[in-house]
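What follows is the residue order along each chain.
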Amino acid sequence: MREKITLHVNGLKHVVEVDPETPLLFVLNDELGLRGPRFGCGMAQCGACTVIVRGQVVRSCVKQVSAVGQDEVTTLEGLGTPEKPHPIQQAFIEEGAAQCGFCLSGVILTAKAVLDEKPDASDQDIRDALGGILCRCFTHIRMLRAIRNYAEAKRT
Amino acid sequence: MILPRRDFLKSCGALIVSFSSGPLSLLPPQAPGPFGTHPSHIDPEKLDSWLAVGDDGVITAYTGKCDFGQGIFTVQSQLVAEELCVRIARVKLIQCDTSICPDQGTTSGSQSTPTNFNSENLALAAATAREALLNLAAKKLGESVEHLTVADGIITGTMGRHVKYEELIGKKHFELPLNVKAKRKSVADWTVLGKPIPSLDRIALMTGQFEFVHNVRVPGMLHGRVVRPPEMGATLAHVDEQSVRNIQGLVKVVVRKDFVGVVAETQYQATLAARQLAVQWNPGPELPPPKDFFDHLQKLPARDALGVDSQDVDARLAEASSVIRARYTYPYQMHGSVGASCAVADVKPQSVTVWSATQSAYPTRSIVAKLLNMPLEKVRVIYVRGSGCYGLNGADAVSFDAAILSHAVGKPVRLQFSRQDEMMWENLGSACTIQLRAGLAQDGHIIAWDREDWVAAMGNRPGYHQPGNVITGMLLGYEPELPKPGSAKPPNGKFRNQSNTVPSYFAGCIAGTCGGDGTIRSERVLTHTVRSPFFTGPLRSPLRIQNTFANECFMDELCAHANADPVAFRLLHLQNSRVIGVVKAAAQAANWQARSSPKTGISGAGTVSGRGIACVAYEGNNGYAALVAEVEVDMETGTVRPRRFVVALDCGPISNPDGLRNQIEGGILQGMSRALVEEATWDNRRVTSVDWETYNSLYLDYDMPAVETVFVTPPDVPATGAGETAITVIPAAIGNAIFDATGARLREVPFTPQRVKAALAQSAQRGGSV
Numbered sequence: 001m002r003e004k005i006t007l008h009v010n011g012l013k014h015v016v017e018v019d020p021e022t023p024l025l026f027v028l029n030d031e032l033g034l035r036g037p038r039f040g041c042g043m044a045q046c047g048a049c050t051v052i053v054r055g056q057v058v059r060s061c062v063k064q065v066s067a068v069g070q071d072e073v074t075t076l077e078g079l080g081t082p083e084k085p086h087p088i089q090q091a092f093i094e095e096g097a098a099q100c101g102f103c104l105s106g107v108i109l110t111a112k113a114v115l116d117e118k119p120d121a122s123d124q125d126i127r128d129a130l131g132g133i134l135c136r137c138f139t140h141i142r143m144l145r146a147i148r149n150y151a152e153a154k155r156t
Numbered sequence: 001m002i003l004p005r006r007d008f009l010k011s012c013g014a015l016i017v018s019f020s021s022g023p024l025s026l027l028p029p030q031a032p033g034p035f036g037t038h039p040s041h042i043d044p045e046k047l048d049s050w051l052a053v054g055d056d057g058v059i060t061a062y063t064g065k066c067d068f069g070q071g072i073f074t075v076q077s078q079l080v081a082e083e084l085c086v087r088i089a090r091v092k093l094i095q096c097d098t099s100i101c102p103d104q105g106t107t108s109g110s111q112s113t114p115t116n117f118n119s120e121n122l123a124l125a126a127a128t129a130r131e132a133l134l135n136l137a138a139k140k141l142g143e144s145v146e147h148l149t150v151a152d153g154i155i156t157g158t159m160g161r162h163v164k165y166e167e168l169i170g171k172k173h174f175e176l177p178l179n180v181k182a183k184r185k186s187v188a189d190w191t192v193l194g195k196p197i198p199s200l201d202r203i204a205l206m207t208g209q210f211e212f213v214h215n216v217r218v219p220g221m222l223h224g225r226v227v228r229p230p231e232m233g234a235t236l237a238h239v240d241e242q243s244v245r246n247i248q249g250l251v252k253v254v255v256r257k258d259f260v261g262v263v264a265e266t267q268y269q270a271t272l273a274a275r276q277l278a279v280q281w282n283p284g285p286e287l288p289p290p291k292d293f294f295d296h297l298q299k300l301p302a303r304d305a306l307g308v309d310s311q312d313v314d315a316r317l318a319e320a321s322s323v324i325r326a327r328y329t330y331p332y333q334m335h336g337s338v339g340a341s342c343a344v345a346d347v348k349p350q351s352v353t354v355w356s357a358t359q360s361a362y363p364t365r366s367i368v369a370k371l372l373n374m375p376l377e378k379v380r381v382i383y384v385r386g387s388g389c390y391g392l393n394g395a396d397a398v399s400f401d402a403a404i405l406s407h408a409v410g411k412p413v414r415l416q417f418s419r420q421d422e423m424m425w426e427n428l429g430s431a432c433t434i435q436l437r438a439g440l441a442q443d444g445h446i447i448a449w450d451r452e453d454w455v456a457a458m459g460n461r462p463g464y465h466q467p468g469n470v471i472t473g474m475l476l477g478y479e480p481e482l483p484k485p486g487s488a489k490p491p492n493g494k495f496r497n498q499s500n501t502v503p504s505y506f507a508g509c510i511a512g513t514c515g516g517d518g519t520i521r522s523e524r525v526l527t528h529t530v531r532s533p534f535f536t537g538p539l540r541s542p543l544r545i546q547n548t549f550a551n552e553c554f555m556d557e558l559c560a561h562a563n564a565d566p567v568a569f570r571l572l573h574l575q576n577s578r579v580i581g582v583v584k585a586a587a588q589a590a591n592w593q594a595r596s597s598p599k600t601g602i603s604g605a606g607t608v609s610g611r612g613i614a615c616v617a618y619e620g621n622n623g624y625a626a627l628v629a630e631v632e633v634d635m636e637t638g639t640v641r642p643r644r645f646v647v648a649l650d651c652g653p654i655s656n657p658d659g660l661r662n663q664i665e666g667g668i669l670q671g672m673s674r675a676l677v678e679e680a681t682w683d684n685r686r687v688t689s690v691d692w693e694t695y696n697s698l699y700l701d702y703d704m705p706a707v708e709t710v711f712v713t714p715p716d717v718p719a720t721g722a723g724e725t726a727i728t729v730i731p732a733a734i735g736n737a738i739f740d741a742t743g744a745r746l747r748e749v750p751f752t753p754q755r756v757k758a759a760l761a762q763s764a765q766r767g768g769s770v
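Protein chains in written order, with my numbering: chain D, 1 to 156; chain Z, 1 to 770.
If we strip away everything but chain Z, and leave its shape as in the complex, we get (with noise of 0.2 angstroms):
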């Protein structure tokens, strides 16, 4: 069915937009709909699943995406409000509790507004709820539904009569599948969505009325504590549980294979007993040392895999003018939420409870289902917001460790991570180390590109089968996810850049099919994956920062070689029109004047300030960043202070313009932490960095670049993720900005003022340029 256009247009327009938030702007609903639902009638394919119109108009919709803070549940009660035609204050969104919501996996990777803000999911399912609506107001109305108009749920045909949605389906089913057919309103129709709706939580926020995991309080609940090992890979030898003999309130000292933790009636108590608990362990293996990380990262066995391989590199590299190599290296970095992480758990024997942070509801159901033995649909996992995780922090694990608790106490048990249990023990973002060589024509443009990195992995998320991906699981014998040796298979199949391996210079081609966004037709990626001493997981832009730095930074320096200026170069070997869109609106918005880098007539004293760029097609098409950084840089100390960003971001219609400049300015300052501060330590033995004093990261007293931020919206395109898109590119334009004030190269994240330094004197060495 085609909806009439300017009919919707007509009667959606005359909506009020309120912009002061409403009721539902203090706390998230978390109870369920109106109506009664059990698991086994949750089906995506079902309208019924995603959408309910309650006798009092309200809309109930479940998604299975959920909000950490990035915004979602306000862009998706705006998608519901915009789809039906109603008040945004009339939707009541419902997100990830696995007794009422559909499965949609995690909430990550960019992936929430591609998957419900396109033609899919829960856009279709408020598309068809729309148009089964109008047709049941045709029936009742007697009138074809081309001639009626919608607003806030009331439908009113050609003689002025109207019926409510309420009165129409008003707490009944729809019992209708989704409409693949439903049509979603276009852009241009859009009251709701595209408008810059204050964020629906920041009254509770602001107020300290929002419930975070961390407040949630259950009847009869006890506290808990894990007592983890000292170091990765040490096993239990003994639990000496006269050791916390005299702690009050102490309830149970809870021992399952190489699993501890304490169960008391306070937190004060819990706390006192895990710290006093006498624990015997068993060392666990040696660490590689720090200082040759990287070199020893290429020497492990590895699982290898080709992106693209066109197979005459070495050909053409021996016909290029010149040959430039570089290697790069990007440092294990960590989530570091600033709430250690907590959730609560309530294991009865016929019922499972658990509220969790988990981006992961239904993964995270399956294997607390799986660690306690009890069958899938007794347990119920309910989102419930923690603090901001970037990826994969402690909050899978801490869910876990409380049904571990609960279970065997047999009440609702708290627990709270200590610092050292939520850094110590993270899914760190993976190191990787990067080997780049490229040659150069006569005339300056890149005739080949060879690409080798090496990405140190073990575990991952849990998903729903392997709880060894992280500690918890690892600690109740469950084996994590690591790389099967294996060499490469040549590239088959469609082009892809899920992890933004292949710089964008490259053409992408597997089989004479180009996928790429580049010119260059000798290409070659290969990937080595190889075990990591400790735990690694998705760490917001995972690996995708860490392979841009290394790419866009050597794009950079075949540009210093060439004596070319970095727009122009970059434009030179780019043939994506997206790519290009966003890299001349950042080039122009920054007032971008063409010349080659490093500045000339650098001074060797006192501040000097440069300029570089960098640009990418997140994961290959879900979105598109370039940003011009412009950097101070301190000769004597060493010290890099950003002064300016300019982003340009491409991610297709934009549900939430304000909601997109906050995930916008948060990811580059975030992306400006890590390449500046952020690095993750250890010893011989263990993880060092456990607390804030051992780990960097920018406090607010940090004096902040500006940020200013450009759209570019092609007509006619989905919408993609945009979370992850402009902190990837952050490293290398600061690096490309170094190196543009001073001359120095710095190839090693973070920047800090000893590698600068060292890199400054490199670089003095050779005589200042290159």
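The following block holds chain D by itself, in its conformation from the complex (with noise of 0.2 angstroms):
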């Protein structure tokens, strides 16, 4: 059963013709051909498929595109661009704090949003607000390095 949806992602419009059950992230992926949000489980257990939407992190892969609704939707691409990257993804780059990556989205996604919300959020908070996030390269020492760089830059 095909609908026609319209998304708002990263800044644009998007008409997509799909069943409205599919799974945001098959949407992303497969129709507009977004590289940041990954399947890792489809199951809401690793964040690999993590996006941003109304400030909020949200597990792409058991969300239905159709559940989405008017709301803009930002996918780690949608953060910054390779010439201009956005200051946590700048902080990631500069911490080198990444081995395979497959897990980025997850990672710098929801620490964004962490900080966006409680800008002095403190080492504890933003570790548990990484508790659902898996990297199975145990890059956790850079990345944590890179998170608290980047809300100590933006604090100041």
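The set of hints was computed from the structure by calculation and includes no laboratory data.
Possibly wrong hints are sitting among the right ones.
[Unchecked claim] Taking beta-carbon pairs under 10 angstroms as the criterion, some of the chain D residues facing chain Z (in silico):
1. L34
2. P82
3. Q99
4. R127
5. D128
6. C137
[Unchecked claim] Here are the simulated lysine to aspartate or glutamate pairs, DMTMM-like style, with alpha carbons at most 25 angstroms apart:
7. K183/Z / D314/Z
8. K118/D / D701/Z
9. K118/D / D703/Z
[To be verified] A short list of chain D residues far from chain Z (calculated; beta carbon distances all over 10 angstroms):
10. E3
11. S66
12. G69
13. E72
No residue lacks a Cβ here, since even glycine has one placed at the ideal position from N, Cα and C.
Assemble the dimeric complex from its two separately framed chains, guided by the hints.
Structure follows, in structure tokens:
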């Protein structure tokens, strides 16, 4: 049962024709060709598919595309560009805070969301927010350092 | 030809090493280089198979070692830039495409650095090319090679005349064999290698632009899903295709022997069809109960092998003033890639292309050709990075599955595994039982050490010939590799310690020649390989982490019996200067205080702390590490909290210290997760660790310990691997630190709170010590 659905993603309006029950992730990957959000588990257990909707992190693998409505969706590539990365992306670039990099949407977008909401978030607050994010390369130390650097720069 | 070393230093030293990432940092190139090549042209003995200079001066290099997050793309680019004296931005590296890259087998086993960074393969090709270009320039400029200098691909003579690489060779073949006499630049002259160059993929990764295999899209591509059996050994009884009749966009239900899959127009339709398809399976055999599994392993028919046998162990143990015995066990563990595996295959009547995240492009080509009954030269495997694999994850199986599906529908198919497809059918890291006994002399020396281990194995990497080593092949009717029971032959030939079965303290003597790292001459190591009920395969530090856990914890037990300091006691039984070097460096960096373990005056309540050390000569000679772990243990809950790790690593000359630190940190913390929480589970019918609720891993909220790294680099040694060395010593170092803190010995990984509490209770019963 295909339907026309209008999506607002990374500042652009898209009309896609898909089954309304399709997970948002598949639409972002297959219809819009976005690479940031990725299929990790399909069960909201790992965070690889994370996007931001209305300032909140959303696991796009379990979010039906029809439930997004008019809300703006931001993916990892929507934050900044290779030429002009977002400051949190820049902090990750400077720390070299990745190995395989598959998990980065969850890590970067979740950290950004918590610091947007609570600019003075403590290390513990940040870690708590990252509780459902999995990095199996275990780049934890660099990632948390990058997030801390970003948070400090944002505060000053 | 000997190059004028000083001139090189001067000219290459003037090169500016760009630490900002250039345009190459966006996407690793996947397109062919300047030449139209054919697989039959590829010959690793020929320079043109490794390197080409374009008329734009771009150096295209072709490698059979691929990057899956460990940083080998960046360091290989550095290597080529270094040897050819060009900026790294002028190097275009193409990795693991069977139509244009040399066959370097599998990228695994910490072998990429020893293989490509010493005096063979890519390093030799780059050195050969530089010398060839200098020879051409000498002819053109009418000067002798000794008078030429090179900077960024421009060769200059004494009179100031110069010529560019591309003017000498641009777009033409070298038509030269690799020159085994071509000299690599010495470490002291490096200006690009050895520097902390930021990994070339980082901007693309952080901004979401990086192309993973999951992002490969081919025109006309359909989407597949597989439908796996519910349990190991189950065979297909019936598929009811009518059950998915109502699914829009369904293209085909694909059945081949026990293989079942679906192909549809969209991913969502494929997932619906896979979920809804009614399939009946004949049950597989009952599985051995998890409870007694490690005893069970010891009773199975085994393929036996002796690593070393001085044949006097029993006699010497009879003379010992005390004999200590212990049994260690290590569970099945998972690769557990964050991304479920994915591949895209395009099977046409006359050609097959597979975009795959396999570590084994060429072997995968062979298996795909076999499964599809296609001539080898018609199959092309193009490596595209997937989620970090840490060994044999689902990348090979998903590539074979995608090829089967594409073949069945005659269109390109993208196949995405579900989380359960990935985890339930993994080639797990092997479970092991390791039994040890050793004798101490009156003076506290170890006089004899006997060791037996039981390793569960079934399947492996498929290699070029064995599809049955992973699930897809088995479903298609191919047999997995299994240990053939048989007794051990006496050890012969050169001493080897590939799987680190032999503790570092053994002299390792075979027929009078000793290759071990230690002083114990009464020694025996017997390995029994038995049939595993589950697929097994290499998982980062395969068998090395299991064996080192047992060897290094048991060493600590002996040390405690001898009432000695764990560092001094190790040094007393070591003779390899590189192992000694890392043990001393780690102890010094950690400010190790000499005393015996456990700590005195351990309180029975609250939080206690302790320290432990472990060391290894990885695979005998492929890197050396010693690590000091400092942990806290909550005596009430049994929770272990590592607080600090100090590691000393010797891997010879370092190609990129920043990349190396990243690998070491990741390896250590991954090892900590494996030591503390990771264990694959099963019931009487099937693997029950099928997602992140049923398989534990430490998440990003874990309060990570500090990791401090010290490099030890002796002069004039070859480069070794480094991605698996530090992880190898982690479980043992943590276990030894728990003992130091509490007096309780953990002999079973992972160190869950329940196990820690049980060990604490046992230790308290014995009076609090040893």
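Quick rundown of the hints versus the structure:
no. : hint            : verdict
1   : L34             : holds (7 angstroms)
2   : P82             : holds (5 angstroms)
3   : Q99             : holds (4 angstroms)
4   : R127            : holds (4 angstroms)
5   : D128            : holds (6 angstroms)
6   : C137            : holds (5 angstroms)
7   : K183/Z / D314/Z : violated (52 angstroms)
8   : K118/D / D701/Z : holds (17 angstroms)
9   : K118/D / D703/Z : holds (20 angstroms)
10  : E3              : holds (12 angstroms)
11  : S66             : holds (12 angstroms)
12  : G69             : holds (19 angstroms)
13  : E72             : holds (16 angstroms)
Violation of the numbered hints given earlier is confined to hint 7; every other hint is satisfied by the structure.
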